[in-house]
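Chain F: place on chain W using the hints.
There are 2 protein chains.
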Amino acid sequence: MRTLYHWRLDPFSRQARVALAEKGMRARLVEEHVWDGRQDFLSLNPAGATPVLVLEPGQRRTSIVGARALLEYLEEIQPDPPFLPRGAPERAEARRMADWFDRKFDAEVNAYLLFEKVEKKITGGGPPDPAAIREGRVHLKRHLAYVSQLAEGRGWLAGDKMSIADIAGAAHLSCLDYLGEPDWDEVPPAREWYQKIKARPSFDSLLQDVLPGIAPARAYADVEI
Amino acid sequence: MRTLYHWRLDPFSRQARVALAEKGMRARLVEEHVWDGRQDFLSLNPAGATPVLVLEPGQRRTSIVGARALLEYLEEIQPDPPFLPRGAPERAEARRMADWFDRKFDAEVNAYLLFEKVEKKITGGGPPDPAAIREGRVHLKRHLAYVSQLAEGRGWLAGDKMSIADIAGAAHLSCLDYLGEPDWDEVPPAREWYQKIKARPSFDSLLQDVLPGIAPARAYADVEI
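So the sequence lines, in the order shown, correspond to chains W and F. Position 190 of the first sequence, counted from 1, bears residue number 190 in this note's numbering, the numbering being contiguous throughout. The number in this note's numbering is simply the position in the second sequence, starting from 1, with 225 added.
Simulated from the structure, these hints should not be mistaken for laboratory data. Treat the hints with care, as some may be off.
Stated by the list, open to error - No farther apart than 25 Å at their CA atoms in a straight line, the calculated lysine-lysine pairs in the DSS-like style are these: (1) 196/W / 23/W; (2) 345/F / 366/F; (3) 121/W / 421/F; (4) 421/F / 104/W; (5) 421/F / 329/F; (6) 120/W / 196/W; (7) 120/W / 248/F; (8) 104/W / 346/F; (9) 161/W / 120/W; (10) 345/F / 104/W; (11) 329/F / 345/F; (12) 196/W / 104/W; (13) 386/F / 248/F; (14) 248/F / 421/F; (15) 121/W / 141/W.
Said to hold, decoys possible - Selected chain F positions facing chain W (Cβ under 10 Å, derived; list incomplete): (16) 291; (17) 295; (18) 299; (19) 416; (20) 420; (21) 424.
Glycine is no exception: its CB is placed at the ideal position from the N, C-alpha and C atoms.
The following block holds chain W by itself, in its conformation from the complex:
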């Protein structure tokens, strides 16, 4: 069977888990603590980041590295249900949004809130910096307003069907939601969109994640909220 190296509160790993489940493809989950710098893992991905999907023996290449490459790979080997719209410009829009979450949102929200509240705690990096948390929250508020605007106009983030944009977005936001950071009351269309994804069976295992020492926010696993 395939093996997915992941970490439970890594937004990139979460994209891989949701995507595999959406495509109905099973994988053995192995949790990787990338901060340990394990040599065997670095030989799978020299960048030292999750997710990495190790394919079954007998394939010419043995592993698929990174959320962006992995979601495209799954779409190519298993087109149903589709992760991308049909038209080339529409597919570009879905890829734009996935990239936006992976680079813009990651740099301006995760690098503040996930870093301060989770990564520092786990790696012994000292206490959270309140100024950094405030700054991350300002960015989150602004980016959530943008997500809400897209969801309101389109139903899904890149059009009228679910796509890699939604998987990427929900995976990133779910990590913040674990920490109780998004103020969903301020952004009803974004809340409705997130509830829609959260209620999918592909999200089940994410909602059961618990991080030792950091309890999930009250509403994290509640699909009604």
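Chain F in isolation, oriented as in the chain W frame:
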């Protein structure tokens, strides 16, 4: 005709320029100074980043945003010459490397060297910080060794044919090469790989770029070095 909003020393814009030229597709080039925060440009890309390709009138969607989405878009509408290998795992490998340059290399090299030596100068951000430049150089050296290792084993970065990995890599490295940063003597296979791309007609216009106030390194436009 299509219009490409770009900035000459932006590694992402450069991917777009090389990719369009490789596919034999013309576009009007318009230089965008993203730091000005021009409203009309922000309405094309709220993330405020180049490149943005504005399509000819009459298309349903009017613009293609970001290097990753744009290169995939070009590959879909104009498959020849191919930017991706045939097999799904091999395509994943090309996408892994493109993503590696856009996120890892960008965060650990560009964010130090391009930021300190170019962005600060252009936006009036004060003098370069020597410690940051030293750190960026350490990262560049390590990453260049990795690029060299791949080039030596494979010929091209993601296999035996040119792909989006090479376009992304050469675009990023060309900005550093403008500043004379890579020590190519240390990495002969990487140099050979970069020379091979630099000599392609698709790279011509990049080699003619000059940044007001920052002269290119001596060997920047020399396809023999």
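_Structure-inconsistent hints, enumerated in ascending order_ = Hints 3, 4, 6, 7, 9, 19, 20, 21 contradicted; others consistent.
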